[in-house]
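S.K.: Chain A is fixed; fit chain B onto it per the hints.
Here's the letter readout for the chains.
There are 2 protein chains.
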Amino acid sequence: MKNFADSMNGLDTSPIRKAFELAATIKDPINLSIGQPHFPCPPNIINSLNEAANLGKTAYTLTGGIPELKQALSEKYKSANQINYATPERILVTSGISSALLLLFTALVNRDDECLIITPYFLMYPSMLKFHGAKLHFLPEDFTEEDVKKLNFKNLKLIIYSNPSNPTGYIFSKSQLELLVGVAEKFNSYLISDEIYELFDYDKEFISVGSFYDKAITLSGFSKTYNMTGLRLASIVAEEEVIRELTKLQQYTIVCAPSTTQYAGLEALKTDMSSYILDYKEKRDFVYHSLKDYYNIKKSKGAFYYFIPIKGNDEEFVKRAVLEKKLITVPGFIFNQTNSYIRISFASEKSNLEKGMKALQELA
Amino acid sequence: MKNFADSMNGLDTSPIRKAFELAATIKDPINLSIGQPHFPCPPNIINSLNEAANLGKTAYTLTGGIPELKQALSEKYKSANQINYATPERILVTSGISSALLLLFTALVNRDDECLIITPYFLMYPSMLKFHGAKLHFLPEDFTEEDVKKLNFKNLKLIIYSNPSNPTGYIFSKSQLELLVGVAEKFNSYLISDEIYELFDYDKEFISVGSFYDKAITLSGFSKTYNMTGLRLASIVAEEEVIRELTKLQQYTIVCAPSTTQYAGLEALKTDMSSYILDYKEKRDFVYHSLKDYYNIKKSKGAFYYFIPIKGNDEEFVKRAVLEKKLITVPGFIFNQTNSYIRISFASEKSNLEKGMKALQELA
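Chains A and B, in that order, are what the protein sequence lines are. Numbering follows this note's numbering, with no gaps: position 4 of the first sequence is 4. Numbering follows this note's numbering, with no gaps: position 283 of the second sequence is 283.
There could be a bad hint or two in this list.
Pairs involving identical chains hold if they fit within one copy or between any two copies, as the list cannot separate such chains.
As the list claims (entries may be wrong) - Only pairs whose alpha carbons sit at most 25 Å apart, straight line, appear in this in silico DMTMM-like list of lysine to aspartate or glutamate:
no., residue 1, residue 2
1, 270, 51
2, 130, 6
3, 248, 21
4, 57, 267
5, 18, 68
6, 2, 214
In case anyone wonders, no lab produced these hints; they're calculated from the structure.
Pulled out of the complex, with its shape left as it was, chain A reads as follows:
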């Protein structure tokens, strides 16, 4: 056999995908592994998707996105995120957050560049940064000023985190974000804020770092908010020079986000999702009250996950949960560098969640 590129050696099949495949083999599983909302994509968004198709919007769009969507995103970033410099020239529309990460990491990272990842993390950050040959550093999400003072780097290229966090639901305080801005400035590095879960903010604590730092690179998605994960749409706000480079790279790789999805995105931005968010807030509370006497957990503040410390090894716990309870969870080693947690999602029907809580109580 001929060789693949050397960097392919470090890339494993995603263990989340493995959980997905495991769930497919079990009859009536209690699936708490899913990283997408359980509610349907709202019908007005579906209608606008179909309308775009009926109007023949099936051709390439401009590389950076249709102007109407860039304009609407500009207004959204200004009003919802207080990112007042988010003009259309500073926005790139792309094909989901994973494509945004692909463009960013490819455009920014040289082999041996240092990258700082807040931990626990979304698994794609370390996987793809390692793929690009970066040297990884980690900082726990509950870092303090003392922790930050101790940081030292030779050539820090970027800092990355998700806020609200996948997998913990953690939301950074303003003073923590200010500390990260300080690190970015001190080491002349990019600060990437992945805000795909921004609407899943149950106690109104979420702040976009871009609201007070105009060099931030802010990623926003449509996938989780409107259950459009398969339709592939996200956007990036960054300095104009960064957007220019990413757009150039998009020409040669992604080409453009799907045309009809971009029109659906226009409608999505007008859609009130608050009833769905309220439902998830209740589920967030329900999980907390169900598990707090069994596991050492804090109430999740955002996204739709709990990252639960367990006794023993995470992979063994996950296996036991499947065998004894038909319960599908995700082992925590994917998201941090320990084997001491599992991740569950509460993006689920209440009845499924009730069964899952009972199973978890019995497994504690």
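M.R.: Same frame as chain A, but now just chain B:
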């Protein structure tokens, strides 16, 4: 300003994009620069796209594509391309040919690997291979056995071409394809056949190299055939081990092709496009008869382009065409290493094409 990755230095904004932007600034241009069909995406395909959305198919699909589409593609490759080993396990569904190239080049190419490109070429091949640090070699499309005998490489990683060719409409003979297979075998390298224009084969001369070479990597698209360029769908047939690596990489980058588009792809494969192809055959003939006494051209055999030798410099010709005739064409330097050609597309309304031919006659 912080640095971008070193490899970004060599990447220019696509000159085709520049032609596109130029056309947008001119009132009533005669646009012969467009690389996509002028006919609409057929209504039955639009209906199946909408039906998928109405059925709520907005979530992630399996990484490698929905099983129904892989099955239908398997049958298509067997019956239309005589690729009898094209089982679903050897197929990956991805988000357009550009994403297929992204996956392939990323998964296969190490810095300093040699790559052989048949020239004239689709501009993405050399741009993205250079981006990955490859050393490029070129072989003219009308190569003979003598030319192939002279080839020598230290570590040839891959050979790539489009067949039918963008920009020339050239179609390789079986003996030429056999010569390329010989090179791939001799130097233990991958052979990548980009067949996105396969249906635009006016004299029934096109053969898939995969019909007689089971290590071929064959790329097929839906974009050009059904005017779905904005819907982002293509597929790859390759050895199972290659598909496994590409699928792994897709998990971390593209994630999956757009869900609703995959369902539309199922319908597309059932759609008879022969009337459209016949229309383009007539246009192919019309352009030939209009220009043969003015330019030294051969009749295009496929795709929907003519690559026309011009007097003087291509970029100056293109500028003059705009200023004097409002005619938009693409300079040839993008597609080969000379400044002696322009590319025109006959994917156009007849009236526009007539005006374009008159303008080109006057510019000769």
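S.K.: Evaluate each hint against the coordinates.
M.R.: Against the structure, the hints:
Taking identical chains as interchangeable, the C-alpha atoms of residue 270 and residue 51 lie at most 25 Å apart whether they share a chain (16 Å) or sit on different chains (23 Å). In this assembly of identical chains, residue 130 and residue 6 lie within 25 Å of each other by CA distance both inside one copy and across copies; the values are 12 Å within and 17 Å between. When the C-alpha separation of residue 248 and residue 21 is checked against a cutoff of 25 Å, the pair qualifies only between copies, where the shortest distance is 14 Å, while the shortest distance within a copy is 36 Å. Both within a single protomer and between protomers do residue 57 and residue 267 lie at most 25 Å apart by alpha-carbon distance, with minima of 15 Å and 18 Å respectively.
Proximity of residue 18 and residue 68 under a CA criterion of 25 Å is satisfied inter-copy only: 21 Å between copies versus 39 Å inside one chain copy. In this homomeric assembly, residue 2 and residue 214 come within 25 Å of each other (Cα to Cα) only across copies, at 14 Å, whereas the closest approach inside a single copy is 47 Å.
Violated hints for the displayed structure: none, as all numbered hints are satisfied.
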